[in-house]
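Participant: Full structure from sequences and hints, please.
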Amino acid sequence: MKIVSFRADGGLNIGMGHIMRSLSLAKEFRRNGYKVYFISKYKGGIEKIKEENFDVIQLKHREIENTAGFNYGNPKELDEEAEEIISIIKLYKIDLLFIDTYNVTKEYFLKIKPHVKKLGYIDDLNKFVYPVDILINGNITAEYMNYKKYSENEIMLLGPKYNLIRDEFRNLPRRKIKEKVEEIMITTGGSDPHNMSVKLLNMILQDKELKNLKINVIVGNSFTNKEKLRNISRKNKNVILHKDVKYMSKIMMRSDIAISSGGSTLYELCACGTPTLAFIYADNQDFIVKKMDELGYVKSLGLYNKLKVEKVLKKIHFIKDDFNLRINYIKKQQLLVDGMGISRIVEILSKIL
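Our numbering puts the first residue of the sequence shown at 799, with every later residue one more than the last.
Calculated directly from the structure, the hints in this document are not laboratory data. Check each hint, because a few of them may be wrong.
[Claimed, not checked] In silico EDC-like links for lysine to aspartate or glutamate, alpha-carbon gap of 20 Å or less:
1) Lys1012 with Glu966
2) Lys1112 with Glu977
3) Lys841 with Asp853
4) Lys916 with Glu881
5) Lys1118 with Glu981
6) Lys1109 with Glu1092
7) Lys1048 with Glu966
Just so we're clear, the structure is a prediction, and the values are computed from it rather than from any experiment.
Facilitator: Right, here's the structure in full:
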C-alpha cells in the first residue's frame, strides 16, 4: 500500500483553511486505497483531523500559535522541523508528502526532498521557485501568477480545474432561483478571530428590510464569540446558528445570498451558485477576491477591518434587489467549479507513485 502524508496546521489565528483543503485531498487518496497520515502542530487542527478519522503525528513545538496568523516560526525552528519530518518519513515509509503551510523556505524543501519519493506543495502565493515534484494551486488566480518549474519533470496543477473543493460539492442539483430573496448566509471561517459574524449580523439587523430575512450563520468549532451569537439569536428568531455542519452545501443551496470571508469557501459557494459578497481577511486572499470580483464571480466588500455599515448594506441591496444580476452570478459561478478537482489530482498522481 502506498503511503501519503500531509503537513498542515490549523487554529484560532491561522484558521482552518489549510487543514480543510488538505483533508479534502486526503479523503480522495483514502478512497483510492492509500494509507494517509497527517503531520501537524496545533490542537485546533489536530482535533479536526481526528474527527475525520485520520492518524495524526504531532510535531514538537515550543512556540504558541502566533497572532500574525501565517509565518509563525523562525529559521532554526524550521530546520528542526525538517529534521523531525525526515525522521517521520523514514519511520512511516512515506511515498508522497504534501506540505500545506506558508511557513516554508527553499532550504526547508531542499532538506526534506532527498528523503521522500515525491514532494508536493499546496500553494497560494508563489513566493519563490519551489523545489518540489508536484505543485498545486487551485485558485482562480493561479494561471496569472507566472509560476516557474524547479525541474523539467515537475507537475504543476493550476487553476479551478484542480481546486481542492470537498467531494460533497460534486454533482449538485441545479439551483432553484427565487425572484425574492428570503435567506442570507454569513460564513466567516473556522475560527472568526476578528468577530466578523457578530459585526455583520449587527449591520444586517439595522436594516429595516434585511432584518426580517432568515439569516443562516455558520458557527465554527474554534469560534470564541459563541455566547454573543447565542444572545443575538435569542433576541432575533430569524437568526439561525448552524454548528457542527455536516453538509454545508445544503445551507449554501438554500441561501439566496452569502457573505463570506475570502478563503476556499468562495469556491464552495460558486459550486452551489450562491451570489456572494466577499470580505478580505489576509494578504493571501486579496488577489483572489479582487480577481473573482473583476471576472464577475463575487462582489468584493474589501478589507474586513475597513467595512462601513452603509457600504455593506448598499452592496447587499444591490444584489438582493436585482433578480437578473443574481441569475448572471449563478450561471457564471457554476461554470467555474465542478467539484472534480481532487479526483483529477489523484488520478494524475497515481500514475507516478
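Participant: The structure should be examined with respect to each hint, and the outcome stated for every one.
Facilitator: Now the hints, each set against the structure:
1. Lys1012 with Glu966: Given pair Lys1012, Glu966 is violated - Cα atoms ~24 Å apart, limit 20 Å.
2. Lys1112 with Glu977: Between Lys1112 and Glu977 the Cα gap is close to 19 Å, so the pair holds against 20 Å.
3. Lys841 with Asp853: 14 Å, holds
4. Lys916 with Glu881: At roughly 17 Å apart (the allowed maximum being 20 Å), Glu881 and Lys916 satisfy the hint.
5. Lys1118 with Glu981: 10 Å, holds
6. Lys1109 with Glu1092: Holds - the C-alpha atoms of Glu1092 and Lys1109 are around 18 Å apart, at most 20 Å.
7. Lys1048 with Glu966: 10 Å, holds
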